[in-house]
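Given these sequences and hints, build the entire structure.
Counting in the UniProt record's numbering, the sequence shown runs from 1 upward without gaps.
By construction, these hints were calculated from the structure, which means they are not laboratory data.
Since the structure is predicted, the reported quantities are computational estimates derived from the model, not experimental observations.
Some hints here could point you the wrong way.
What follows is a set of in silico ranges between Cβ atoms, one per label pair, in the way DEER data are often shown [what the hints assert, rightly or not]: (1) 335 to 260: 46 to 54 Å; (2) 634 to 1061: 31 to 39 Å; (3) 1008 to 633: 28 to 36 Å; (4) 930 to 419: 42 to 50 Å.
For every residue, glycine included, the Cβ atom is placed at its ideal position computed from N, Cα and C.
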Amino acid sequence: FWTDVSEEAIKQTYINQTGNVVQNVIISGLVSPDGLACDWIGKKLYWTDSETNRIEVANLNGTSRKVLFWQDLDQPRAIALDPAHGYMYWTDWGETPRIERAGMDSSMRKIIVDSDIYWPNGLTIDLDEQKLYWADAKLSFIHRANLDGSFRQKVVEGSLTHPFALTLSGDTLYWTDWQTRSIHACNKRTGEKRREILSALYSPMDIQVLSPDRQPYFHTPCEDNNGGCSHLCLLSPRDPFYSCACPTGVQLEDDGRTCKAGAEEVLLLARRTDLRRISLDTPDFTDIILQIDNIRHAIAIDYDPVEGYIYWTDDDVRAIRRAYLDGAGAQTLVTTEINHPDGIAVDWVARNLYWTDTGTDRIEVTRLNGTSRKILISENLDEPRAIVLNPVMGYMYWTDWGESPKIECAYLDGSERRVLVNTSLGWPNGLALDLEKNKLYWGDAKTDKIEVINVDGTMRKTLLEDKLPHIFGFTLLGDYIYWTDWQRRSIERVHKIKASRDIIIDQLPDLMGLKATSVTKVFGTNSCAENNGGCSHLCFFTPQETRCACPIGLELLSDMKTCIIPEAFLVFTSRAAIHRISLETNNNDVAIPLTGVKEASALDFDVSDNRIYWTDVSLKTISRAFMNGSSVEHVIEFGLDYPEGMAVDWMGKNLYWADTGTNRIEVARLDGQYRQVLVWKDLDNPRSLALDPTKGYMYWTEWGGKPRIVRAYMDGTNSITLVDKVGRANDLTIDYVDQRLYWTDLDTSMIESSNMLGQEREIIADDLPHPFGLTQYSDYIYWTDWNLHSIERADKTSGKNRTLIQGHLDFVMDILVFHSSRQDGLNDCVQNNGHCGHLCLAIPNGFRCGCAAHYTLDPNSRNCSSPASFLLFSQKSAISRMIPDDQQSPDIILPMHGLRNVKAIDYDPLDKLIYWVDGRQNIIKRAKDDGTQASLHLPFTVMSTPNQSQNPEKQPHDLSIDIYSHTLYWTCEATNSVNVHRLNGESIGMVLRGDHDRPRAIVVNAERGYMYFTNMQERAPKIERAALDGTEREVLFTTGLIRPVALVVDNKLGKLFWVDADLKRIESCDLSG
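Below you can see the structure in the form of structure tokens.
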């Protein structure tokens, strides 16, 4: 057997047998196993570990491992056994160096040598003469003494360099020496006959003599039926000369022989990259690492005593996982829509799992196996962290360490929420519930206190308030509260009544959550325990009753127990939320859990993809998400002003929208690509938009001076007015089956209908106070009323049989029915996008391929080419493109992110990249016209410190690209110089700088090898030119200039143009001035 300190393992193999496999005996939890001894009688391994400061024992195969000593050890090294007398001996070269002995069962521990000792390295026992030998590497001697430390004698003194290990055989001592790199020998009594046995060893460590004399046999009680012990039978110096012992953390039964099945109470610990368990049954508190892969940043941890699973959250892999207590059977339960899951709690009765997320700011629940996920609380959560449950009473409690820190409670289904504590809190990180005494404890990392309160919010008291620098994990079991502390790097506990405290583990970094728990004992029950309370999915026990609930997307039937997938439901926008109401079950209004909605206006959906799309008039964006609220993304976020109408073309997979601010109707692919303006002339406040892709028509209403309803082809051409004698028509809806149009008229407060040509007009309802949103589904129309704050339903032909669907609703903007029947039919765009490269636009009896704005359709093909010539212009936070001489296409804002203060732009026609000076960050960036950063250097910058908001060393003012040499020239206001960079981002250097120079505007004439720049010297601005390397510099003009701000060269004409902002004129000259 040997120890390997770099592999942190104890290994074994057989001697004198060829082809033997080396096996690991003990692998986990070793750090520096410096000493090893074999009990050849009891068949045990004993070892020391100078890092964990433990002495342990195990069977020869590594089973039944037990920590014998864990206190008052500093640097234990050598260990030796005398099984005949039941004693073990070890050296400790720490702060107070010593040699100790104890029974091999850890009894009768005693220091036997503690004077004239410094680095006791080697240790061996002369079994025949009952003498102890040791070597001291600092004091350079080998001494011996009786086995109780008396009668100490010198063997070798003063001449040893660095003895490490020691053994003996017969009359000879052998030892290894680190400095001479040799094995030495001498007479064991006199120290004479010193000789070198073997030299030039790389690094001689331990040494043993293999001989039957060193391991004589004798009979012990452990040989008979293992001494009657269930696990470890350890030799002892006291009568009956053996004792039974158990693996670390497990207690002996009262019979003194049998071990319990395992630890009964454990402390589970999440560290950043591992999980550990500590038995609370025994006083050694040894932490055992669980063998689980891919733990990258574990935070919260909980345990289910029924099935024996540990549950934990991982902030880095963004998942909730579980595994058994021994680390086996690891599973990942939840991975989507998880950002920072900081708290977790198991409802062991109803078999549900709760967690908090400070990224999504929600509290959610699933079944313990990860199914049936539901959002319980998503409003008014700032930084939710710890969460605990009381399944017996039906409550949950959580902490929030945000702007206004608080501790809140609610029923287990999230209802009846209220604040328990919101004063004198800082960062309430930890929370624990005493179920028997109905008290709630918490630890605060900012106020540095542990406090307690009754669960009804009364009787707040402080339990502890000193030496608590940063509490994080927090848990309660029995009479003790346990917590982790980030700054002290410790786990401590305090008695909940006496307030006495002690340390469980010290100096362990990266401590996160912890959970003290009984391994199998279950506390309490409720009506969800039996048959899941009769619920098909989620069962919540509340103080009132047992409530069944459904995961996102399912609805309860009227039996209030069974969840079904509803076919049709109403979806509507209401300011900062989007709601859904099932049309088949009695389960009403559910908010779809969307993040980042500010003021939703228009709404549509794509059944095939199960997504909804909405416009936000406050954020000026169009977004989409799945119906369960996941994967929220902006589709269009540039060049919108007030997008109040929007419709999904479910066949061509396009998105149409109308903007009353820009007075445009535009189209793009559903993901926002290939955006094109369809209608921009003669539009007067386009508001509501409807599509009939089967027929190839689109319809919209205008709210301008002469309100009307218009029809056009879906490519924007052939528009005609269908209805002009009308008020502001809103929420235009097509009944595809009966081929009729429906709308609400805001000026007459009527709901009207016509055929698809605007004829055969009928009034469906004229007695409504303020109808606004409208939709149609099968035989009904549904509408919202702003005065009645309601959604109602009626027959679509007669307007009779009115039914109230939902009341108490404020300012519902848009309403529609989500059902597959609303998106039937076929056209040529369904197959393969009509083979169009960009857009497939439906028209009556066919389709037309369309291109992104300013791109042109190639003749004889369906692909698109980028514009050959165009004008780019920048505003403070936008870059736009227009085609100067084309009346058929309007200017568009390019989708560039993060524009703050654009000061200058240029274009590289080879790589089709736009370059600009960002005056906020003082850097130069680049991107393609679709906004993607086309470089590995994101963003392309001309300096190495993009993380500073201001860059005082460099302040680019203007730029000009030399397309032939792939370089970029730029002027700097901070250094008053002209600089050159390669287009790949490498700096070439400064080409021009003088004492009084202030170069600002710059243009490169690459064909002739010159650059022109304005030199804005005090009171005497100049225009100069120089060669591209800064030589041949000459002044062209000094007079007739006040503030020349921009230059441009026409190489064909051979002219330089400039504009003077103060003289308000454009002038020119030839290229030599």
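Evaluation of the provided hints:
1. 335 to 260: 46 to 54 Å: With a Cβ separation near 38 Å, residue 335 and residue 260 fall outside 46 to 54 Å, so the hint is violated.
2. 634 to 1061: 31 to 39 Å: With Cβ atoms ~37 Å apart, the hint holds.
3. 1008 to 633: 28 to 36 Å: violated (49 Å)
4. 930 to 419: 42 to 50 Å: Cβ of residue 930 to Cβ of residue 419: about 48 Å, so the range 42 to 50 Å holds.
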